[in-house]
Amino acid sequence: MHIKHLTSLAQAEATRTVDLSPSVGWHSPIFEPAEWLSRLKRVRSAMAANRLDTLIVTGPDNIFYLTGFDGCGCYTPQFLIVRGIAPEESAGVQLVTRGMDVSAARFTSWLDHSTVWGYDDSFVDNGERHPVELVAELLKRLGWDQGTISVEFESVNFTVRAFRMLEEELGKHLVDDKRLVNWVRAIKSPAELEYIRQSAKITDKVLEAAIDAVHENARQCDVAAAVYHAQATGTTEYGGTFTAIPPIISTGSDTDAGHLNWSDQPIPAESPTCLELASSRHHYHAPCSRTVFVGSPPKQMQEFAALCYEAMDAMMAIATPGHTCEELYFRFNSVLATKGFAKLSRVGYSFGVGYGPDWGEKTFSLRPGDSTVLEAGMCIHMIAGCGDAWSFQTSETVIITDGEPERLQGTARKLFVKETNQCKAEALQVEIGNELVRALSCPLGLYDVTAMNMVAAVTTQSSSVMPSPC
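Residue numbers 14 to 483, in my numbering, belong to the letters of the sequence shown in order.
Simulated from the structure, these hints should not be mistaken for lab results.
Wrong hints could be hidden among the right ones.
In silico PhoX-like pairs for lysine-lysine, Cα to Cα no more than 20 Å straight-line [said to hold, decoys possible]: (1) Lys218 to Lys427; (2) Lys214 to Lys427; (3) Lys356 to Lys427; (4) Lys312 to Lys352; (5) Lys54 to Lys191; (6) Lys153 to Lys17; (7) Lys153 to Lys185; (8) Lys312 to Lys427; (9) Lys191 to Lys375.
Nothing here was measured: the structure is a model prediction, and the numbers come from that model.
Let's have the full structure, built from the sequences with the hints guiding it.
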């Protein structure tokens with residue numbers, strides 16, 4: 014099949030003069046073929062239930078979920094076309110992407126090379142033409158332009174312009190898929206859950222690095238640098254992938270903003286720093302939040318932190334199949350209400366595969382009115398916190414099982430407290446004083462050289478951390 018401005022990966026391979034076979038496999042599909050076909054079968058089942066003949070997927074997370082196709086080229090339009098009825102399980106799927114990204118399919122995807130198409134660069138950032146025109150032509154050539162065609166109305170990667178042009182080219186009304194693939198993704202397979210568990214282990218490393226990096230006068234950007242390093246290096250067994258959301262780090266009054274970028278400002282004494290971080294293993298995320306207070310946290314904040322963990326435990330006690338999302342929300346807030354607190358925003362959401370700008374799956378949330386019934390295999394990020402003159406934030410990532418929910422994070426569930434420079438200086442002064450008393454109380458010549466060297470060392474150290482006179 015020949016379509017002007019579209020070249021299949023098979024056609025490109027036929028004209029290639031360099032053998033790339035030695036490199037094949039290092040980015041090979043991360044699941045067995047049966048896993049991919051199972052997902053495709055579930056999507057087609059949902060399409061049949063909604064009487065959809067053809068589905069056009071544009072979100073990189075959903076394209077990855079169904080095909081394994083990966084890369085950083087999703088800033089240009091990409092389209093996965095799924096036909097509801099196909100002669101074989103693996104048939105009835107076509108991928109259209111930018112020409113220079115088409116080769117990524119040979120390294121990451123299970124798709125047959127004849128079904129992967131690349132459009133030429135004259136369609137990139139062109140106000141007069143759009144790749145969706147070629148998608149329409151491909152649909153017509155395949156005979157897939159008949160029947161009901163659905164697109165992802167809620168995808169941030171599908172613009173109004175693309176929608177209007179596709180309707181015009183096909184001469185028909187397109188219907189909303191109502192996040193069909195996202196809802197299929199809500200129930201994870203055992204293979205997916207294993208990657209999420211691995212991601213959670215990396216997140217523990219990330220949180221450890223971030224908490225260690227938070228101290229008085231540390232710049233928020235330096236904390237972010239420690240986070241990025243830990244996210245990429247992962248564990249000794251496996252590394253991490255880039256996360257869908259950058260590190261969310263806020264300090265002091267800035268913590269009142271829910272999703273603020275870090276700055277290059279130093280962290281002041283007597284202030285909280287809220288961390289909402291994650292890691293990613295093959296794009297499977299495991300987010301988690303903790304709070305670090307530099308100084309002496311107010312009594313009310315300590316009490317609220319303890320209350321939050323009590324509320325989280327109460328919510329997790331009913332996080333089992335059969336309960337609804339809103340039941341968890343009300344259980345959480347019933348505990349907060351005993352001390353006069355309330356969390357008006359949602360207290361959790363579904364997560365899994367994620368590409369920017371979100372690691373959430375945009376399906377169910379733990380909030381009033383959400384009657385979604387929990388099922389085994391769902392993954393939920395349960396997040397709590399609030400404040401006025403201060404803010405506290407904490408969260409847990411869990412897998413819904415047939416029994417109790419599986420908690421994924423190993424990081425301590427507490428408000429982390431760091432000493433201020435003033436406290437460190439005072440502690441050193443006490444240490445110096447104790448050593449001097451010991452030295453003066455010893456008979457002449459009996460005070461060992463090691464102890465004298467220690468006095469000199471701590472004296473030198475104290476001069477470097479002693480606060481300047483006001």
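Status of each hint after checking the structure:
1. A C-alpha spacing of about 16 Å is found between Lys218 and Lys427, which places the hinted pair at or below 20 Å, so the restraint holds.
2. Restraint check: the Cα-Cα separation between Lys214 and Lys427 comes to about 18 Å, which is no more than 20 Å; the hinted pair holds.
3. As the CA atoms of Lys356 and Lys427 are separated by approximately 19 Å, the hinted pair is consistent with the 20 Å bound.
4. Under the criterion of a C-alpha separation no larger than 20 Å, the hint pairing Lys312 with Lys352 is consistent with the structure, at around 14 Å.
5. About 18 Å separates the Cα atoms of Lys54 and Lys191, which keeps this hinted pair within 20 Å; it holds.
6. Between Lys153 and Lys17 the CA atoms are separated by roughly 14 Å; this keeps the pair inside 20 Å, and the hint holds.
7. Of the supplied pair hints, the one linking Lys153 and Lys185 holds, its CA atoms being roughly 12 Å apart against a limit of 20 Å.
8. With a C-alpha separation of about 14 Å, the suggested pairing of Lys312 with Lys427 holds against the 20 Å cut-off.
9. For the hint pairing Lys191 with Lys375, the CA-to-CA distance comes to about 11 Å; that is within 20 Å, so the pair holds.
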